[in-house]
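J.: Protein chains in written order, with numbering that gives the first Met the number 0: chain A, 0 to 548; chain B, 0 to 548.
Be careful, since some hints might not be right.
As the list claims (entries may be wrong) - According to the in silico footprint, chain A covers these stretches of chain B (three or more CB under 8 Å from chain A):
#, region
1, 103 to 114
2, 164 to 174
3, 206 to 214
4, 230 to 242
5, 323 to 332
6, 379 to 389
7, 500 to 506
To be verified - Some chain B residues near chain A, calculated using beta-carbon distances under 10 Å:
#, residue
8, 15
9, 62
10, 90
11, 456
No lab work stands behind these hints: they were computed from the structure. From the three backbone atoms N, C-alpha and C, an ideal C-beta is built for every residue, glycine too.
There are 2 protein chains.
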Amino acid sequence: MPKNRDAARANLESLYRIFTVPEAPDSTLGAVDQAITDDVAGFLQTHIVAIERSMEEIEASFSSFTIPEEPTYVSEYTEFVKDNLVAQSVHTAAPGFVGHMTSALPYFMLPLARLMTALNQNLVKVETSKAFTPMERQVLAMLHHLVYRLPDDFYPRWIHDSQHALGAFCSGGTIANVTALWVARNRLFAPEGDFRGITQVGLAGALKHRGADGIAVLVSERGHYSFGKAADLLGIGRDNLIKVQTDNSNRIDLKLLKDECRRLQDRNVIPLAIVGIAGTTETGNIDPLEALADFAREIGCHFHVDAAWGGPTLFSDRYRALLAGIERADSVTIDAHKQLYVPMGAGMVVFRDPTALSAIEHHANYILRHGSKDLGSHTLEGSRPGKSMLVHAGFSIIGRKGYELLIDMGIERAKHFADMIRNLPDFELTSEPELNILTYRYAPLKVQQAMENATPQKRAALNALLDQVCMLLQKIQREAGKTFVSRTRLRIARHGEELTVLRVVLANPLTTDEILEGVLREQCEIVQRPEIQALLHQLEELCDDPAAG
Amino acid sequence: MPKNRDAARANLESLYRIFTVPEAPDSTLGAVDQAITDDVAGFLQTHIVAIERSMEEIEASFSSFTIPEEPTYVSEYTEFVKDNLVAQSVHTAAPGFVGHMTSALPYFMLPLARLMTALNQNLVKVETSKAFTPMERQVLAMLHHLVYRLPDDFYPRWIHDSQHALGAFCSGGTIANVTALWVARNRLFAPEGDFRGITQVGLAGALKHRGADGIAVLVSERGHYSFGKAADLLGIGRDNLIKVQTDNSNRIDLKLLKDECRRLQDRNVIPLAIVGIAGTTETGNIDPLEALADFAREIGCHFHVDAAWGGPTLFSDRYRALLAGIERADSVTIDAHKQLYVPMGAGMVVFRDPTALSAIEHHANYILRHGSKDLGSHTLEGSRPGKSMLVHAGFSIIGRKGYELLIDMGIERAKHFADMIRNLPDFELTSEPELNILTYRYAPLKVQQAMENATPQKRAALNALLDQVCMLLQKIQREAGKTFVSRTRLRIARHGEELTVLRVVLANPLTTDEILEGVLREQCEIVQRPEIQALLHQLEELCDDPAAG
Chain A
0 MPKNRDAARA NLESLYRIFT VPEAPDSTLG AVDQAITDDV AGFLQTHIVA IERSMEEIEA
60 SFSSFTIPEE PTYVSEYTEF VKDNLVAQSV HTAAPGFVGH MTSALPYFML PLARLMTALN
120 QNLVKVETSK AFTPMERQVL AMLHHLVYRL PDDFYPRWIH DSQHALGAFC SGGTIANVTA
180 LWVARNRLFA PEGDFRGITQ VGLAGALKHR GADGIAVLVS ERGHYSFGKA ADLLGIGRDN
240 LIKVQTDNSN RIDLKLLKDE CRRLQDRNVI PLAIVGIAGT TETGNIDPLE ALADFAREIG
300 CHFHVDAAWG GPTLFSDRYR ALLAGIERAD SVTIDAHKQL YVPMGAGMVV FRDPTALSAI
360 EHHANYILRH GSKDLGSHTL EGSRPGKSML VHAGFSIIGR KGYELLIDMG IERAKHFADM
420 IRNLPDFELT SEPELNILTY RYAPLKVQQA MENATPQKRA ALNALLDQVC MLLQKIQREA
480 GKTFVSRTRL RIARHGEELT VLRVVLANPL TTDEILEGVL REQCEIVQRP EIQALLHQLE
540 ELCDDPAAG
Chain B
0 MPKNRDAARA NLESLYRIFT VPEAPDSTLG AVDQAITDDV AGFLQTHIVA IERSMEEIEA
60 SFSSFTIPEE PTYVSEYTEF VKDNLVAQSV HTAAPGFVGH MTSALPYFML PLARLMTALN
120 QNLVKVETSK AFTPMERQVL AMLHHLVYRL PDDFYPRWIH DSQHALGAFC SGGTIANVTA
180 LWVARNRLFA PEGDFRGITQ VGLAGALKHR GADGIAVLVS ERGHYSFGKA ADLLGIGRDN
240 LIKVQTDNSN RIDLKLLKDE CRRLQDRNVI PLAIVGIAGT TETGNIDPLE ALADFAREIG
300 CHFHVDAAWG GPTLFSDRYR ALLAGIERAD SVTIDAHKQL YVPMGAGMVV FRDPTALSAI
360 EHHANYILRH GSKDLGSHTL EGSRPGKSML VHAGFSIIGR KGYELLIDMG IERAKHFADM
420 IRNLPDFELT SEPELNILTY RYAPLKVQQA MENATPQKRA ALNALLDQVC MLLQKIQREA
480 GKTFVSRTRL RIARHGEELT VLRVVLANPL TTDEILEGVL REQCEIVQRP EIQALLHQLE
540 ELCDDPAAG
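Based on the sequences and whatever the hints tell you, model everything.
T.: As structure tokens, this is what we get:
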């Protein structure tokens, strides 16, 4: 039927149109493109707070479960996106958004990310990435050099070596940490003699070969949740992810670590890896890396440093020493979408030994052939975008000194913010900032004083009420949408128990002292609300109640 | 020293500038932004072939291993990028680039990807993604519905359920396949009675609990390399990734599959999962999914379908039936950066059972709290960008019918291309297209004829020479940069041995029949080159040599 054929032809033509580039800016697609670009600028400049809609209301806009039959005009769709997605998204770049590890982005990342998207390279193999492969290899070498500072003749030998890679570019820190432990596991059970290695025979056979009953990973209780996932995924089991208690400064307790290792020996469990943290997610503290390196060497196990957050402190002449010992790690994770200021979805892991990644090497007939420079033969992921280009751009445009400035500013701002909190009698600093992260809570002076001589039961009752205040305060502030801090639960050594605390991350260079004063001022206003006043009233009564101990 | 302080202040100001949005398009950053945008358009419109530089030359531009000390101007950096990265990248969107699974992108993806980058949402938790969380949940529900078509009252119950997720949005198909097998493994060894489950006790303890010596995954020899990685990562061991031979159509041989399963029982190894492929990477064939579903049910094991490539065939009324049985799979992988035409770095896995992902659920104090709608509690990855927005855009703007058109066009073009090859006596089709992928090789008619009555030794010698022709042909064509096909090695049933073949993937709607004729014409020209003529001369001599059998 000619009519149908005409309709089909029209469909086909409109399909071709969406796959070709608008030649003139005044074409519909060109105009929509410009409008979105303008909108992005508007969004980022004004930081307008989203009209608060309830989650249920938002969900209603995303409730159809069938893929639309008919096409929609791009212009119509972008209107939908503006109203229902952009206006209801979180302004992670706002200078008052100091609760999580997302910050403002350097503006140049946007046009470069667009370029990256348009080129649509696939880093799994050279055939679909060409210059992007040496570029990514350079980024990995630069990061390797930042961490390990090996002699100058090391890098030309390894940077573009077709059989090896100095690290793996990943979609984030979790994949980076998993990759590190995967390599550690496979090296522990490398082929030898008749044993063909864990890669071939699996974990059960590998344990049998070594006559062991298990393998374990040791990390402080502040360790990132990705280690739990890794222990599950790699077949180790969460029981064998040993979470060692921390000292008063949220750093791993070395004595307890050694005790745990002895207990593992008693159970015939091999310590696979010790993980040091350089910037804990919740408090920004750094484990004693030198001592951990010594101990890992002593017992002959893999030493991994999770520097997803704190790694870029190495840019700073003033603060680099905080990470002393990191250069002795077998592997180090650093996230690019955190303090390298790259958009979401970029992490890296580097290995001191340039042959380490051979432990997870794999090949395929149509790509990743032996001897090719394909980076895909040494990564957990397969097809991957050219995001390393944005790290390359950051390194080049911001430079070492620019990053140093950002790091120094953040740490100094955190120290200053800690002072502000200390000056407010009704607030309690629950962790001192070592880097640019700190925690605190609202605790009226009277309650703080009453706690000093209270019985454990009374302390627990007071803390339980303070936890409620903290949760409510954080929720109200988040929903008001002007500023944002996060909350977590932490075992605070001097309280001897786990408390709910507010958490602040200071990585956005646009966050000024005035904005931080505003965060605290808003919190002082929020506690005046009736729902919180009711809790504070209960707290006061409990303080005054002699029967409560 | 005031001088230093002035310098520091100037640095600080330029740092602030790069973190703020250019207010006017005529600012430096605004101008650079515009220039890059124009360049992208130019690049995509003209498809200029890269000036061929050797890999060594390109590597020279990326050989420094130290992060630059000083900042660079954005304009200067973009010049570097244009000359050394853009001009030396692979034109994956070119209609003559038919060798891999990357295609032209719908143009609207570019401004929307920019918007996504600017919003910089993090899907791990609602606090940093808000509306993006329900949006991603909707995308997963839509994909679930496309695959499983469960009753209409199923979806409102589960789509926004805070305890569950219908699937996981991933950085690609590898993570999706790993996630599927991870879930299968953890469900096989779920907690029961005193046994606390594999998550807690690890793989060795889990095997002991079941009194088994191992677990195995069965997939055809055409299975994607990600299953090898998964077998390694999950502790299964590559020995227990059983690669079952295929029939003449590159589909898993069911009889051999059943034999392998029996052999596993004899070895006291539990079949963990049977994997069906819906669109093999190398030949685009589809396993008999109904029969696999029957057999998986019979032996009570997980049935996973890797539809990373072929999944979107479900959009097509005409070809959907090729995937019959997929709706009986426990889990299905579909890549978004393949036939959903989303930029690189997006894959998905959906699970029939809406509670399946609980097997890998995890929590953390500061995020992913119980009862939150945070998607991060059910994904292998941690922090993730809002890439699901681009799938949402594709579903909405292209629509089911638009995708259907794309799928139908690709399959029909492949059939047509196969006809073209059949019409050229000196080419041999080595796999018939079932979807939009086919393989072939250059084999002069005389050689093809000589093979028919040749001894196995002579056939092998002839094939070895043809392999060399194939490799050289592909390399010369790739380096010339006008058109591109890939190559792989495949066991071709009728030859009884593994051969090097050319591989073509026809997913770019801008690839016309004329362009495909050009690909073949170029290959006919390339075989005239002296280096290939020398090989053809050897082939001819071997054909004529009666002593060779």
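J.: State for each hint whether it applies.
T.: Structure-based check of all given hints:
Restraint check on the region 103 to 114 of chain B versus chain A: 12 residues with Cβ-Cβ distances below 8 Å, three needed, restraint holds. Counting residues of the region 164 to 174 of chain B whose beta carbon lies closer than 8 Å to any beta carbon of chain A gives 5, which meets the minimum of three for the stated coverage. Proximity of the region 206 to 214 of chain B to chain A, defined as three or more residues with a beta carbon under 8 Å from a beta carbon of that chain, is established by the 3 residues found. Check result for the region 230 to 242 of chain B against chain A: holds, 10 residues qualifying (beta carbon to beta carbon below 8 Å, three or more required).
A count of 0 residues in the region 323 to 332 of chain B with a Cβ less than 8 Å from any Cβ of chain A is obtained; the coverage claim is therefore unmet, three being the minimum. Only when three residues or more bring their CB closer than 8 Å to a CB of chain A does the claim for the region 379 to 389 of chain B stand; here the count is 9, and the claim holds. Requiring three or more residues with a Cβ within less than 8 Å of a Cβ of chain A, the coverage given for the region 500 to 506 of chain B is violated, as only 1 such residues are present. Checking residue 15 of chain B against chain A: minimum C-beta separation of about 6 Å stays under 10 Å; hint holds.
A cut of 10 Å between beta carbons decides the hint on residue 62 of chain B: the least distance to chain A is about 7 Å, and the hint holds. Because the beta carbon of residue 90 of chain B sits about 9 Å from the nearest beta carbon in chain A, less than 10 Å, this interface hint is met. A distance limit of 10 Å between C-beta atoms decides the matter here; for residue 456 of chain B the minimum to chain A is near 24 Å, and the interface restraint is violated.
The structure is inconsistent with the numbered hints 5, 7, 11, although it conforms to all the rest.
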